[in-house]
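Trainee: In case you want the letters, here they are:
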Amino acid sequence: MIDVNCFIGGFPFRELPHPDPDVLVRVLAREGLAGAWVGHLPTAFHRDVTAGNEALFEALEPHRTVLQPVPAIRPDWPHWQLALAKAHADGARGIRAYPMQWGMGAHDARLAALAGACGEIGLPLVLTTRFEDVRQRSALDVSPDLSGAHIRALVRADPNVHVVVTCAGRALIEESHWGLTPDERARLSWDISWIWGPPEDDLAHLVQTLGADHFRFGSAWPLRLMQSPIANIELLPDTLRSSVVAQLGSWLT
Amino acid sequence: MTDEGSQPLAGRTPLVDVHAHFYHPASGRGDWERVNAARLRAGERIGIRALIASIIGSWGHTSPTYFPSPADVTAGNDAMLALSELHPERIRCYVTVNPNDTVHAREEIARCVERGAVGIKLAASRRADDALLDPIADEAARRGLPVLQHIWQHRTREWPGQEISDGADLGALAKRHPRASFILAHIGGGGDWAHSCAAVREITNVYIDLSGSGVDRGMLDLAYASVGASRLLWGCDITMETGLAKLRALEAVGLGEDELAEIRWRNAARIFPHNALPGIPTSGVAARRTDAHVRVSQ
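First to last, the sequence lines map onto chains A and V.
Take the first sequence: its letter number 27 is residue 27 in my numbering, and every next letter is one higher.
Take the second sequence: its letter number 172 is residue 172 in my numbering, and every next letter is one higher.
It is possible that some hints are incorrect.
Covered by chain A, according to a simulated footprint, are these stretches of chain V (three or more residues, beta-carbon under 8 Å) [what the hints assert, rightly or not]:
no.	stretch
1	39 to 45
2	79 to 91
3	207 to 219
4	244 to 257
The following residues of chain V were derived to be distant from chain A, with all beta-carbon distances above 10 Å [claimed, not checked]:
no.	residue
5	Gly11
6	Ala26
7	Phe67
8	Ser69
9	Ala71
10	Val103
11	Gly116
12	Asp134
13	Pro160
14	Ala194
15	Arg201
16	Ile238
Hints in this document: simulated from the structure, not taken from any laboratory.
Cβ coordinates follow ideal geometry from the N, Cα and C atoms, glycine included.
Generate coordinates for the entire structure from the input sequences, incorporating the hints supplied.
Mentor: Next up, the structure:
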């Protein structure tokens, strides 16, 4: 089982304990996970992503059997296509984009171009809904949550792109999913890091209505506890747990 | 992962959820019974022995959630008492009050304690440091009832729909009422938890409840470092998976069995009335107050 939503590196607005790759490797082992897709957290807040991507590949190099790099590509930056090609050649597992932090609207043609380029080379485009709950954000952290309009536009931008949205809750998931055609929905999946469990049972509801195949294991480590999505799966009603576990992997059995 | 029906996910050591909620027919949501049943089902699976819960008026259906009318306060408390009477082996209740209606609030406390309420729930009807809360805190101290105060971790501005309080506001009230125990609600329930930890660090009659949907790494570590295991209380509030995750995280950060027992149940046994919590031993647990008792049917 793979965690598709991990980072290394610090966060500008609060101290994170040990956001280091060797610690992540130990946490994954402790929780019974086989590996993780890993982004570089500080890069989400940088204007030029180049240095952060280099730091990411360098930091993960000793751990590449477990930690797979997911660098950021900013499509309004000169030569981004070259950066994407290099990331692909260097073994990136996916590409992260942060349109809200970059001030890019849902229908920005440059974002659509990035989606197309990712579709062409077969790398999923990974989006982050939020890093922190809106109620605790620093006054300097003014980026709004990712919008459903962004998600729908990026999925529609290219028939080959696969979009993975992390840290979304039920409302955003439903407005995005049901706002797409069946073919488009098939190219959109969600991590479960920010979906509520019981008693509201949002995860159970979404698995029943969208299908377990639309969900991936994700934790948002080191921002959030990796134990939370695991507990969420364990607390699913008996009738759903086995299908979700089968879909997400055999890591709980 | 355990097999269904065997070991509870959080083990067999006693476990008290000090921050639970239920719904009722007047809550305005059609699935209220499903949500209540889901809480009990998940609680069973986690291994929660005692849920201490409240219903805040009509949950916004006929008066605002955080500014409930007297009629809605009473209806919510009645529904909560009925649930605790239906599940005496599992559920205990807070009496919810709106301090703006002082006379009604005191009457509700008397009425609901007589029927088995074991604590007082204050939402966000009046800022915690306001003098209007003093009569409520006096009642709490006199009767030996802890006060669960809804908290927005670090109030940097006003938010619509509630008169929010933060850790500093609650600390001011707690200092005025050293004989009462106060529970700072849901450290993971929104806002800057680091501010709350600092605000109540030295106010020993304020306990931090770990509930809330937030599972930020570093939050539990800081809460523990700030007030120690003897002033932490476990709870879920509106997300139970995060409660289970926090128990496991506390183990992962290295707390020993004794400290975990403090957080899981012993601190609750100390601050709630003696013998008030179902399935929770009281022998060997020194009550914080010994001059007040509440009769609770076992």
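Trainee: If you test the structure against every hint from before, which numbers come out violated?
Mentor: Going through the list in order, the structure violates hints 2, 14, 16 and respects the others.
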